[in-house]
Amino acid sequence: LYISSPLLLLRPRTPRRQCHCHCHLLTDSPPRHFAHQRLVEDQSSMEEGMRVAVVGAGVSGLAAAHELARAGGAARVTVYEAEESLGGHARTADVDGVQLDLGFMVFNRVTYPNMLEWFEELGVEMEISDMSLSVSTQLSGGGRCEWGSRNGLSGLLAQKSNALRPAFWHMIREILKFKEDALKYLEDHESNPDLNRHETLGQFIQTHGYSQLFQEAYLIPICASIWSCPSQGVLGFSAFFVLSFCRNHHLLQIFGRPQWLTVKGRSHTYVNKVREELESMGCQIKTSCQVKSVSSVEGGYKVLEVGGSEEVYDKIIFGAHAPDVLRMLGDEATHEELRILGAFQYVHSDIYLHRDDTLMPQNPSAWSAWNFLGTTSSGVSVTYWLNLLQNIESTGKPFLVTLNPPHVPDHVVLKWNTGHPVPSVAAAKASLELQQIQGNRGIWFCGAYQGNSLIFFLSAYI
1 LYISSPLLLL RPRTPRRQCH CHCHLLTDSP PRHFAHQRLV EDQSSMEEGM
51 RVAVVGAGVS GLAAAHELAR AGGAARVTVY EAEESLGGHA RTADVDGVQL
101 DLGFMVFNRV TYPNMLEWFE ELGVEMEISD MSLSVSTQLS GGGRCEWGSR
151 NGLSGLLAQK SNALRPAFWH MIREILKFKE DALKYLEDHE SNPDLNRHET
201 LGQFIQTHGY SQLFQEAYLI PICASIWSCP SQGVLGFSAF FVLSFCRNHH
251 LLQIFGRPQW LTVKGRSHTY VNKVREELES MGCQIKTSCQ VKSVSSVEGG
301 YKVLEVGGSE EVYDKIIFGA HAPDVLRMLG DEATHEELRI LGAFQYVHSD
351 IYLHRDDTLM PQNPSAWSAW NFLGTTSSGV SVTYWLNLLQ NIESTGKPFL
401 VTLNPPHVPD HVVLKWNTGH PVPSVAAAKA SLELQQIQGN RGIWFCGAYQ
451 GNSLIFFLSA YI
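Letter 90 of the sequence shown, counting from 1, is numbered 90 in full-length UniProt numbering, and no numbers are missing.
Take the hints with a grain of salt, since some may be wrong.
Here are the computed lysine to aspartate or glutamate pairs in the DMTMM-like style, where the Cα-Cα straight-line distance is at most 20 angstroms [stated by the list, open to error]:
| # | residue 1 | residue 2 |
| --- | --- | --- |
| 1 | Lys286 | Glu298 |
| 2 | Lys302 | Asp324 |
| 3 | Lys160 | Glu199 |
| 4 | Lys415 | Glu187 |
| 5 | Lys292 | Glu279 |
| 6 | Lys429 | Glu199 |
| 7 | Lys292 | Glu127 |
| 8 | Lys429 | Asp194 |
| 9 | Lys429 | Glu337 |
| 10 | Lys292 | Asp324 |
| 11 | Lys429 | Glu174 |
| 12 | Lys397 | Asp356 |
| 13 | Lys177 | Glu187 |
| 14 | Lys292 | Glu310 |
| 15 | Lys179 | Asp194 |
| 16 | Lys264 | Glu279 |
| 17 | Lys292 | Asp356 |
In short, the hints are calculated from the structure, not lab data.
Use the sequences and the hints to build the structure in full.
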(Lines of atoms letter the chains of each structure in order from A and count residues from 1; the text may use other names and numbers.)
(Lines give C-alpha, C1' and ligand atoms only; values in the text may rest on other atoms or scores of the structure.)
Protein backbone atom coordinates (compact mmCIF):
# COMPACT_ATOMS: atom_id res chain seq x y z
CA LEU A 1 0.00 0.00 0.00
CA TYR A 2 2.69 2.43 -0.85
CA ILE A 3 0.44 5.29 -1.42
CA SER A 4 3.65 7.75 -3.34
CA SER A 5 4.92 11.35 -4.84
CA PRO A 6 4.31 15.11 -5.95
CA LEU A 7 3.39 15.81 -9.56
CA LEU A 8 5.06 18.60 -11.41
CA LEU A 9 2.15 20.52 -12.90
CA LEU A 10 3.87 21.39 -16.13
CA ARG A 11 1.18 23.54 -17.72
CA PRO A 12 -1.48 26.01 -16.59
CA ARG A 13 -4.81 24.31 -15.89
CA THR A 14 -8.27 25.21 -14.77
CA PRO A 15 -8.34 25.30 -10.98
CA ARG A 16 -8.85 21.80 -9.60
CA ARG A 17 -11.37 20.88 -6.95
CA GLN A 18 -10.01 21.71 -3.56
CA CYS A 19 -9.44 19.23 -0.79
CA HIS A 20 -12.25 19.50 1.77
CA CYS A 21 -9.98 18.78 4.72
CA HIS A 22 -8.03 21.47 6.57
CA CYS A 23 -4.89 20.65 4.65
CA HIS A 24 -2.47 22.84 2.77
CA LEU A 25 0.10 20.07 2.43
CA LEU A 26 -2.20 17.84 0.39
CA THR A 27 -3.15 20.43 -2.20
CA ASP A 28 -0.62 22.47 -4.16
CA SER A 29 1.37 23.70 -1.18
CA PRO A 30 3.29 26.94 -1.76
CA PRO A 31 6.76 25.36 -2.10
CA ARG A 32 5.60 22.80 -4.63
CA HIS A 33 3.38 25.27 -6.48
CA PHE A 34 6.42 27.55 -6.86
CA ALA A 35 8.36 24.71 -8.48
CA HIS A 36 5.46 23.91 -10.79
CA GLN A 37 5.10 27.52 -11.85
CA ARG A 38 8.82 27.76 -12.63
CA LEU A 39 8.49 24.84 -15.02
CA VAL A 40 5.26 26.22 -16.52
CA GLU A 41 6.99 29.51 -17.27
CA ASP A 42 10.00 27.71 -18.72
CA GLN A 43 7.79 25.51 -20.89
CA SER A 44 5.93 28.49 -22.35
CA SER A 45 9.18 29.68 -23.93
CA MET A 46 10.28 26.25 -25.17
CA GLU A 47 11.44 26.08 -28.74
CA GLU A 48 9.96 23.44 -31.00
CA GLY A 49 11.85 20.20 -30.50
CA MET A 50 13.33 20.94 -27.07
CA ARG A 51 14.35 17.57 -25.60
CA VAL A 52 13.34 16.61 -22.06
CA ALA A 53 14.39 13.44 -20.23
CA VAL A 54 12.20 12.07 -17.43
CA VAL A 55 14.37 9.74 -15.34
CA GLY A 56 12.20 7.36 -13.33
CA ALA A 57 8.71 6.22 -14.35
CA GLY A 58 6.87 5.72 -11.10
CA VAL A 59 3.67 7.70 -10.69
CA SER A 60 5.58 11.00 -10.35
CA GLY A 61 7.62 10.55 -13.49
CA LEU A 62 4.65 9.28 -15.48
CA ALA A 63 2.44 12.16 -14.37
CA ALA A 64 5.15 14.71 -15.16
CA ALA A 65 5.79 13.20 -18.61
CA HIS A 66 2.05 13.02 -19.32
CA GLU A 67 1.43 16.64 -18.38
CA LEU A 68 4.41 17.87 -20.39
CA ALA A 69 3.64 15.77 -23.46
CA ARG A 70 0.02 16.89 -23.72
CA ALA A 71 0.75 20.56 -23.10
CA GLY A 72 1.12 21.48 -26.74
CA GLY A 73 3.84 19.40 -28.30
CA ALA A 74 6.73 21.84 -27.92
CA ALA A 75 8.86 19.31 -26.02
CA ARG A 76 10.15 15.93 -27.15
CA VAL A 77 9.94 13.70 -24.07
CA THR A 78 11.95 10.55 -23.37
CA VAL A 79 11.14 8.44 -20.29
CA TYR A 80 13.80 6.25 -18.67
CA GLU A 81 12.84 3.39 -16.33
CA ALA A 82 15.27 0.88 -14.80
CA GLU A 83 12.60 -1.79 -14.27
CA GLU A 84 10.96 -3.93 -16.94
CA SER A 85 7.62 -2.17 -16.50
CA LEU A 86 6.41 1.33 -15.72
CA GLY A 87 4.57 2.40 -12.59
CA GLY A 88 7.01 2.07 -9.70
CA HIS A 89 4.97 0.91 -6.71
CA ALA A 90 1.93 0.54 -8.97
CA ARG A 91 2.61 -3.14 -9.55
CA THR A 92 0.08 -5.77 -10.63
CA ALA A 93 0.56 -9.55 -10.57
CA ASP A 94 -1.47 -12.22 -12.37
CA VAL A 95 -2.00 -15.30 -10.19
CA ASP A 96 -3.96 -18.01 -11.98
CA GLY A 97 -5.98 -15.39 -13.81
CA VAL A 98 -6.59 -13.24 -10.72
CA GLN A 99 -5.20 -9.68 -11.01
CA LEU A 100 -3.64 -8.48 -7.74
CA ASP A 101 -2.24 -5.06 -6.91
CA LEU A 102 0.83 -5.37 -4.71
CA GLY A 103 1.84 -1.77 -4.12
CA PHE A 104 -0.49 1.15 -4.84
CA MET A 105 -3.98 0.07 -3.77
CA VAL A 106 -6.20 2.76 -2.26
CA PHE A 107 -7.18 6.43 -2.48
CA ASN A 108 -10.19 8.63 -1.68
CA ARG A 109 -12.09 11.53 -3.24
CA VAL A 110 -11.76 13.89 -0.29
CA THR A 111 -7.99 14.00 0.09
CA TYR A 112 -6.93 13.32 -3.50
CA PRO A 113 -9.25 15.25 -5.87
CA ASN A 114 -6.49 15.90 -8.41
CA MET A 115 -5.57 12.25 -8.81
CA LEU A 116 -9.25 11.33 -9.05
CA GLU A 117 -9.65 13.89 -11.83
CA TRP A 118 -6.65 12.38 -13.62
CA PHE A 119 -8.10 8.89 -13.33
CA GLU A 120 -11.44 10.12 -14.64
CA GLU A 121 -9.71 11.77 -17.61
CA LEU A 122 -7.98 8.46 -18.32
CA GLY A 123 -11.24 6.53 -18.03
CA VAL A 124 -10.03 4.47 -15.07
CA GLU A 125 -12.81 2.56 -13.30
CA MET A 126 -12.91 2.62 -9.49
CA GLU A 127 -14.67 0.62 -6.79
CA ILE A 128 -15.11 0.77 -3.01
CA SER A 129 -12.29 -0.55 -0.82
CA ASP A 130 -11.75 -1.17 2.90
CA MET A 131 -9.19 0.45 5.21
CA SER A 132 -9.73 -1.41 8.49
CA LEU A 133 -6.75 -2.06 10.78
CA SER A 134 -5.78 -4.77 13.23
CA VAL A 135 -2.94 -5.02 15.73
CA SER A 136 -1.56 -8.39 16.84
CA THR A 137 1.73 -7.82 18.60
CA GLN A 138 3.95 -8.71 21.54
CA LEU A 139 4.20 -5.97 24.17
CA SER A 140 7.50 -4.81 25.64
CA GLY A 141 6.27 -5.51 29.17
CA GLY A 142 5.31 -9.09 28.34
CA GLY A 143 2.14 -10.59 26.95
CA ARG A 144 0.47 -9.57 23.74
CA CYS A 145 -2.37 -7.41 22.50
CA GLU A 146 -4.74 -8.17 19.63
CA TRP A 147 -7.65 -6.12 18.37
CA GLY A 148 -9.23 -5.16 15.04
CA SER A 149 -11.40 -2.35 13.73
CA ARG A 150 -13.37 -4.25 11.08
CA ASN A 151 -15.93 -6.33 12.97
CA GLY A 152 -17.23 -3.94 15.59
CA LEU A 153 -17.09 -5.12 19.19
CA SER A 154 -16.13 -8.68 18.23
CA GLY A 155 -13.06 -7.32 16.46
CA LEU A 156 -12.20 -4.84 19.19
CA LEU A 157 -12.40 -7.65 21.77
CA ALA A 158 -10.86 -10.35 19.58
CA GLN A 159 -8.55 -10.96 22.53
CA LYS A 160 -11.21 -11.77 25.13
CA SER A 161 -9.05 -10.85 28.11
CA ASN A 162 -9.05 -7.21 26.94
CA ALA A 163 -12.68 -6.90 28.07
CA LEU A 164 -11.52 -7.16 31.70
CA ARG A 165 -8.32 -5.21 31.27
CA PRO A 166 -8.49 -1.61 32.61
CA ALA A 167 -5.38 -0.63 30.63
CA PHE A 168 -7.11 -1.57 27.38
CA TRP A 169 -10.15 0.59 28.09
CA HIS A 170 -7.83 3.40 29.17
CA MET A 171 -6.17 3.10 25.73
CA ILE A 172 -9.59 3.49 24.07
CA ARG A 173 -10.18 6.70 26.04
CA GLU A 174 -6.71 7.90 25.03
CA ILE A 175 -7.60 7.41 21.35
CA LEU A 176 -10.40 9.95 21.82
CA LYS A 177 -8.07 12.26 23.75
CA PHE A 178 -5.47 11.96 20.98
CA LYS A 179 -7.80 13.65 18.50
CA GLU A 180 -8.30 16.64 20.81
CA ASP A 181 -4.59 16.95 21.60
CA ALA A 182 -3.55 16.61 17.95
CA LEU A 183 -6.02 19.22 16.68
CA LYS A 184 -5.01 21.65 19.43
CA TYR A 185 -1.31 21.10 18.64
CA LEU A 186 -1.85 21.74 14.93
CA GLU A 187 -4.03 24.79 15.54
CA ASP A 188 -1.39 26.31 17.83
CA HIS A 189 1.50 25.61 15.47
CA GLU A 190 -0.30 26.79 12.35
CA SER A 191 -1.44 30.03 13.97
CA ASN A 192 1.95 30.77 15.57
CA PRO A 193 4.94 30.38 13.21
CA ASP A 194 7.33 30.97 16.12
CA LEU A 195 6.46 27.61 17.72
CA ASN A 196 8.85 24.74 17.07
CA ARG A 197 7.56 22.57 14.23
CA HIS A 198 10.50 20.19 14.49
CA GLU A 199 9.35 18.41 17.64
CA THR A 200 9.40 14.61 17.37
CA LEU A 201 6.38 12.39 17.85
CA GLY A 202 8.10 10.94 20.92
CA GLN A 203 8.34 14.40 22.47
CA PHE A 204 4.66 15.02 21.74
CA ILE A 205 3.73 11.69 23.40
CA GLN A 206 5.83 12.44 26.46
CA THR A 207 4.43 15.96 26.84
CA HIS A 208 0.84 14.69 26.75
CA GLY A 209 1.43 11.68 29.00
CA TYR A 210 0.14 8.82 26.85
CA SER A 211 0.36 5.28 28.20
CA GLN A 212 2.78 2.64 26.96
CA LEU A 213 -0.12 0.53 25.72
CA PHE A 214 -1.48 3.42 23.65
CA GLN A 215 1.93 3.75 22.04
CA GLU A 216 2.58 0.05 21.43
CA ALA A 217 -0.94 -1.11 20.51
CA TYR A 218 -2.28 1.92 18.68
CA LEU A 219 -0.14 4.87 17.60
CA ILE A 220 3.12 3.10 16.73
CA PRO A 221 1.34 0.31 14.77
CA ILE A 222 -0.59 2.88 12.74
CA CYS A 223 2.50 4.95 11.90
CA ALA A 224 4.74 1.94 11.28
CA SER A 225 2.12 0.45 8.95
CA ILE A 226 1.53 3.65 7.00
CA TRP A 227 5.20 4.46 6.44
CA SER A 228 6.54 0.87 6.43
CA CYS A 229 9.09 1.81 9.07
CA PRO A 230 10.32 -0.17 12.11
CA SER A 231 8.45 0.53 15.34
CA GLN A 232 11.54 1.85 17.10
CA GLY A 233 11.90 4.64 14.53
CA VAL A 234 8.34 5.96 14.74
CA LEU A 235 8.85 8.15 17.80
CA GLY A 236 11.57 9.99 15.89
CA PHE A 237 9.12 11.07 13.18
CA SER A 238 8.14 14.72 12.87
CA ALA A 239 5.12 15.29 15.16
CA PHE A 240 3.79 18.09 12.97
CA PHE A 241 4.06 15.93 9.85
CA VAL A 242 2.40 12.87 11.39
CA LEU A 243 -0.42 14.79 13.09
CA SER A 244 -1.09 16.81 9.94
CA PHE A 245 -1.25 13.58 7.98
CA CYS A 246 -3.68 12.00 10.46
CA ARG A 247 -5.93 15.05 10.38
CA ASN A 248 -5.85 15.40 6.61
CA HIS A 249 -6.73 11.74 6.12
CA HIS A 250 -9.46 11.86 8.79
CA LEU A 251 -7.66 9.24 10.87
CA LEU A 252 -8.30 11.16 14.09
CA GLN A 253 -12.07 10.74 13.93
CA ILE A 254 -14.11 7.68 14.75
CA PHE A 255 -17.05 8.61 12.50
CA GLY A 256 -17.36 10.43 9.17
CA ARG A 257 -14.23 9.04 7.58
CA PRO A 258 -14.07 9.24 3.76
CA GLN A 259 -14.85 6.22 1.60
CA TRP A 260 -11.69 4.62 0.28
CA LEU A 261 -11.51 3.41 -3.32
CA THR A 262 -9.35 1.08 -5.40
CA VAL A 263 -8.79 0.77 -9.15
CA LYS A 264 -11.32 -1.76 -10.41
CA GLY A 265 -9.08 -3.31 -13.06
CA ARG A 266 -5.98 -2.93 -10.86
CA SER A 267 -3.28 -0.27 -11.18
CA HIS A 268 -1.73 -1.70 -14.36
CA THR A 269 -4.83 -0.45 -16.22
CA TYR A 270 -4.04 3.20 -15.47
CA VAL A 271 -0.32 2.68 -16.11
CA ASN A 272 -1.09 1.11 -19.48
CA LYS A 273 -3.44 3.97 -20.37
CA VAL A 274 -0.76 6.54 -19.53
CA ARG A 275 1.79 4.63 -21.61
CA GLU A 276 -0.59 4.45 -24.57
CA GLU A 277 -1.22 8.19 -24.39
CA LEU A 278 2.48 9.00 -24.05
CA GLU A 279 3.38 6.90 -27.08
CA SER A 280 0.49 8.36 -29.09
CA MET A 281 1.93 11.83 -28.38
CA GLY A 282 5.35 10.82 -29.65
CA CYS A 283 7.11 10.15 -26.34
CA GLN A 284 9.91 7.61 -26.34
CA ILE A 285 9.73 5.13 -23.45
CA LYS A 286 12.82 3.14 -22.47
CA THR A 287 12.24 0.35 -19.92
CA SER A 288 14.92 -1.98 -18.47
CA CYS A 289 17.13 1.04 -18.97
CA GLN A 290 19.04 2.11 -15.86
CA VAL A 291 20.63 5.54 -15.94
CA LYS A 292 24.21 5.57 -14.69
CA SER A 293 24.80 9.31 -14.65
CA VAL A 294 23.46 12.69 -15.69
CA SER A 295 26.17 15.25 -16.42
CA SER A 296 26.25 18.73 -17.91
CA VAL A 297 27.52 19.32 -21.42
CA GLU A 298 27.43 22.40 -23.59
CA GLY A 299 23.83 23.45 -23.97
CA GLY A 300 22.27 20.69 -21.91
CA TYR A 301 22.74 17.38 -20.08
CA LYS A 302 24.09 13.99 -21.11
CA VAL A 303 22.16 10.96 -19.88
CA LEU A 304 24.46 7.92 -19.76
CA GLU A 305 22.87 4.48 -19.50
CA VAL A 306 24.49 1.58 -17.65
CA GLY A 307 24.73 -0.21 -21.01
CA GLY A 308 26.87 2.61 -22.41
CA SER A 309 24.36 4.42 -24.64
CA GLU A 310 24.06 8.16 -24.16
CA GLU A 311 21.79 10.99 -25.27
CA VAL A 312 21.85 14.76 -24.76
CA TYR A 313 18.80 16.67 -23.49
CA ASP A 314 17.93 20.29 -22.86
CA LYS A 315 16.09 19.68 -19.57
CA ILE A 316 15.92 16.88 -16.97
CA ILE A 317 13.09 15.79 -14.68
CA PHE A 318 14.14 13.34 -11.96
CA GLY A 319 11.31 11.07 -10.78
CA ALA A 320 13.57 8.72 -8.81
CA HIS A 321 14.32 8.24 -5.11
CA ALA A 322 16.36 11.10 -3.67
CA PRO A 323 19.51 8.98 -2.98
CA ASP A 324 19.38 7.64 -6.55
CA VAL A 325 19.14 11.18 -7.91
CA LEU A 326 22.28 12.19 -6.01
CA ARG A 327 24.05 9.06 -7.26
CA MET A 328 23.23 9.93 -10.86
CA LEU A 329 24.30 13.56 -10.45
CA GLY A 330 27.53 12.49 -8.74
CA ASP A 331 30.09 15.27 -8.31
CA GLU A 332 27.89 17.68 -10.25
CA ALA A 333 25.25 17.85 -7.54
CA THR A 334 25.24 21.36 -6.09
CA HIS A 335 25.75 22.05 -2.40
CA GLU A 336 22.05 22.85 -2.00
CA GLU A 337 20.98 19.69 -3.85
CA LEU A 338 23.25 17.59 -1.63
CA ARG A 339 21.94 19.28 1.51
CA ILE A 340 18.23 19.11 0.66
CA LEU A 341 17.97 15.79 -1.18
CA GLY A 342 20.43 14.20 1.24
CA ALA A 343 17.97 14.78 4.09
CA PHE A 344 15.51 12.21 2.69
CA GLN A 345 16.15 8.74 4.09
CA TYR A 346 14.61 5.42 3.05
CA VAL A 347 13.86 2.08 4.67
CA HIS A 348 13.82 -1.09 2.61
CA SER A 349 11.38 -3.96 3.04
CA ASP A 350 11.22 -7.57 1.91
CA ILE A 351 7.75 -8.11 0.48
CA TYR A 352 6.01 -11.42 -0.12
CA LEU A 353 2.84 -12.23 -2.04
CA HIS A 354 1.60 -15.46 -0.48
CA ARG A 355 -1.40 -17.43 0.85
CA ASP A 356 -0.18 -18.28 4.38
CA ASP A 357 -2.88 -17.21 6.84
CA THR A 358 -0.61 -17.80 9.85
CA LEU A 359 0.62 -14.27 9.07
CA MET A 360 -2.76 -12.85 10.06
CA PRO A 361 -4.17 -12.16 13.56
CA GLN A 362 -4.75 -15.27 15.66
CA ASN A 363 -8.48 -14.60 16.02
CA PRO A 364 -10.26 -14.30 12.63
CA SER A 365 -12.58 -11.71 14.20
CA ALA A 366 -9.63 -9.32 14.17
CA TRP A 367 -8.75 -9.87 10.51
CA SER A 368 -8.68 -6.49 8.74
CA ALA A 369 -7.41 -4.88 5.55
CA TRP A 370 -4.14 -3.89 7.27
CA ASN A 371 -2.77 -6.20 9.96
CA PHE A 372 0.17 -5.02 12.07
CA LEU A 373 2.25 -7.94 13.38
CA GLY A 374 5.12 -6.12 15.11
CA THR A 375 8.72 -5.52 14.08
CA THR A 376 11.21 -8.14 12.90
CA SER A 377 14.96 -7.89 12.32
CA SER A 378 14.15 -6.76 8.75
CA GLY A 379 11.68 -4.04 9.73
CA VAL A 380 7.99 -3.54 10.38
CA SER A 381 5.83 -6.59 9.68
CA VAL A 382 2.41 -5.86 8.18
CA THR A 383 0.05 -8.12 6.23
CA TYR A 384 -2.38 -6.69 3.69
CA TRP A 385 -5.48 -8.79 3.02
CA LEU A 386 -5.92 -8.37 -0.73
CA ASN A 387 -9.29 -10.10 -0.90
CA LEU A 388 -10.78 -7.39 1.31
CA LEU A 389 -8.84 -4.46 -0.13
CA GLN A 390 -9.51 -5.34 -3.77
CA ASN A 391 -12.89 -7.10 -3.60
CA ILE A 392 -11.46 -10.46 -4.66
CA GLU A 393 -13.73 -13.44 -4.19
CA SER A 394 -12.32 -15.94 -1.70
CA THR A 395 -11.29 -19.21 -3.33
CA GLY A 396 -9.72 -21.20 -0.51
CA LYS A 397 -6.78 -19.53 1.18
CA PRO A 398 -6.63 -15.72 1.08
CA PHE A 399 -4.30 -13.64 -1.08
CA LEU A 400 -1.91 -11.79 1.25
CA VAL A 401 1.00 -9.38 0.95
CA THR A 402 3.36 -9.26 3.95
CA LEU A 403 6.21 -6.85 4.59
CA ASN A 404 9.15 -8.32 6.51
CA PRO A 405 7.39 -11.46 7.82
CA PRO A 406 8.82 -13.10 10.97
CA HIS A 407 9.31 -16.28 8.93
CA VAL A 408 9.24 -17.15 5.24
CA PRO A 409 5.55 -17.71 4.42
CA ASP A 410 4.18 -20.94 3.03
CA HIS A 411 2.63 -20.80 -0.44
CA VAL A 412 4.84 -17.91 -1.65
CA VAL A 413 3.85 -16.60 -5.08
CA LEU A 414 6.58 -13.98 -5.47
CA LYS A 415 9.02 -11.84 -3.49
CA TRP A 416 10.63 -8.47 -4.05
CA ASN A 417 12.30 -5.61 -2.17
CA THR A 418 11.46 -1.95 -2.24
CA GLY A 419 12.17 1.28 -0.36
CA HIS A 420 9.94 3.83 1.35
CA PRO A 421 10.73 7.42 2.44
CA VAL A 422 10.93 8.07 6.18
CA PRO A 423 8.96 11.12 7.47
CA SER A 424 11.79 12.30 9.72
CA VAL A 425 12.20 15.78 11.16
CA ALA A 426 15.08 16.34 8.71
CA ALA A 427 12.85 15.34 5.78
CA ALA A 428 10.09 17.66 6.98
CA LYS A 429 12.57 20.55 7.05
CA ALA A 430 13.97 19.68 3.63
CA SER A 431 10.53 19.44 2.03
CA LEU A 432 9.98 23.13 2.82
CA GLU A 433 13.17 24.03 0.95
CA LEU A 434 12.65 22.06 -2.26
CA GLN A 435 11.68 25.20 -4.19
CA GLN A 436 15.26 26.39 -3.77
CA ILE A 437 16.55 23.71 -6.16
CA GLN A 438 13.61 23.33 -8.57
CA GLY A 439 14.49 24.34 -12.12
CA ASN A 440 17.49 26.47 -11.19
CA ARG A 441 19.69 24.88 -13.86
CA GLY A 442 17.16 23.14 -16.05
CA ILE A 443 16.67 20.25 -13.61
CA TRP A 444 13.48 19.45 -11.69
CA PHE A 445 12.82 16.91 -8.95
CA CYS A 446 9.66 14.97 -8.12
CA GLY A 447 9.04 11.80 -6.16
CA ALA A 448 7.42 10.05 -3.23
CA TYR A 449 9.79 11.64 -0.74
CA GLN A 450 8.27 15.08 -1.39
CA GLY A 451 4.72 14.04 -0.48
CA ASN A 452 2.51 13.96 2.59
CA SER A 453 0.28 11.18 1.32
CA LEU A 454 -0.63 7.76 2.57
CA ILE A 455 2.63 5.96 2.06
CA PHE A 456 3.30 8.87 -0.25
CA PHE A 457 1.93 7.43 -3.50
CA LEU A 458 -1.03 9.72 -4.00
CA SER A 459 0.79 13.00 -3.58
CA ALA A 460 1.91 12.24 -7.11
CA TYR A 461 -1.11 14.01 -8.45
CA ILE A 462 -1.61 16.72 -5.86
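Going through the hints against the structure:
{"no.": "1", "hint": "Lys286 with Glu298", "in the structure": "violated, 24 angstroms"}
{"no.": "2", "hint": "Lys302 with Asp324", "in the structure": "holds, 17 angstroms"}
{"no.": "3", "hint": "Lys160 with Glu199", "in the structure": "violated, 37 angstroms"}
{"no.": "4", "hint": "Lys415 with Glu187", "in the structure": "violated, 43 angstroms"}
{"no.": "5", "hint": "Lys292 with Glu279", "in the structure": "violated, 24 angstroms"}
{"no.": "6", "hint": "Lys429 with Glu199", "in the structure": "holds, 11 angstroms"}
{"no.": "7", "hint": "Lys292 with Glu127", "in the structure": "violated, 40 angstroms"}
{"no.": "8", "hint": "Lys429 with Asp194", "in the structure": "holds, 15 angstroms"}
{"no.": "9", "hint": "Lys429 with Glu337", "in the structure": "holds, 14 angstroms"}
{"no.": "10", "hint": "Lys292 with Asp324", "in the structure": "holds, 10 angstroms"}
{"no.": "11", "hint": "Lys429 with Glu174", "in the structure": "violated, 29 angstroms"}
{"no.": "12", "hint": "Lys397 with Asp356", "in the structure": "holds, 7 angstroms"}
{"no.": "13", "hint": "Lys177 with Glu187", "in the structure": "holds, 16 angstroms"}
{"no.": "14", "hint": "Lys292 with Glu310", "in the structure": "holds, 10 angstroms"}
{"no.": "15", "hint": "Lys179 with Asp194", "in the structure": "violated, 23 angstroms"}
{"no.": "16", "hint": "Lys264 with Glu279", "in the structure": "violated, 24 angstroms"}
{"no.": "17", "hint": "Lys292 with Asp356", "in the structure": "violated, 39 angstroms"}
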